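Participant: Sequence:
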Amino acid sequence: MDPIRYFDSVDLMEPRCAGCKNIIHYDRDTKFDSQRKILTCAFCGHAV
3 MDPIRYFDSV DLMEPRCAGC KNIIHYDRDT KFDSQRKILT CAFCGHAV
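In this note's numbering, the protein residues as written are 3 to 50.
In case anyone wonders, no lab produced these hints; they're calculated from the structure. From a predicted model like this one, the values you see are computed outputs, not experimental measurements. Errors might be hidden in some of the hints.
Said to hold, decoys possible - FRET-style restraints, in silico, Cβ to Cβ: (1) G47 / E16: 16 to 22 Å; (2) M15 / S36: 28 to 34 Å; (3) Q37 / M15: 29 to 35 Å; (4) A49 / E16: 16 to 22 Å; (5) K39 / M15: 26 to 32 Å; (6) E16 / I40: 28 to 34 Å; (7) A44 / M15: 28 to 34 Å; (8) C46 / M15: 28 to 34 Å; (9) P17 / K39: 19 to 25 Å; (10) L41 / M15: 18 to 24 Å; (11) P17 / R38: 27 to 33 Å.
Heads up, the beta-carbon is just placed ideally off N, CA and C, and yes, glycines get one too.
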């Protein structure tokens, strides 16, 4: 049986952008697109 890898499982729980796979912190890594009225990733512009 594999040992439980706590820190790996916590890393997988972090919200990630579907476009660039970066970890998203909603307060600083997103911006509001006023034309489309959605939150977008600050790195690649993908909808979050």
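Participant: Confirm or reject each hint.
Facilitator: The hints, checked one at a time:
1. The supplied range of 16 to 22 Å is met by G47 and E16, whose beta-carbon atoms lie about 20 Å from each other.
2. In this structure the hint that M15 and S36 lie 28 to 34 Å apart at CB holds, the actual value being about 30 Å.
3. The given range of 29 to 35 Å is respected by Q37 and M15, whose C-beta atoms sit roughly 32 Å from each other.
4. Hint check: A49 to E16, Cβ distance near 18 Å, so the stated range 16 to 22 Å holds.
5. Judged by the Cβ atoms, the range 26 to 32 Å given for K39 and M15 holds: they are separated by roughly 28 Å.
6. The hint said 28 to 34 Å for the Cβ distance between E16 and I40, and at roughly 21 Å that hint is violated.
7. Under the hint 28 to 34 Å, the C-beta atoms of A44 and M15, about 21 Å apart, miss the expected range.
8. C46 and M15 have their C-beta atoms about 21 Å apart, which leaves the hinted 28 to 34 Å range violated.
9. Look at P17 against K39: about 20 Å separates their beta carbons, and that is inside 19 to 25 Å.
10. Restraint check, L41 to M15: a C-beta distance of roughly 19 Å satisfies the suggested window 18 to 24 Å.
11. A beta carbon spacing of about 20 Å between P17 and R38 contradicts the range 27 to 33 Å that was offered as a hint.
Violated hints for the displayed structure, listed by number in ascending order: 6, 7, 8, 11.
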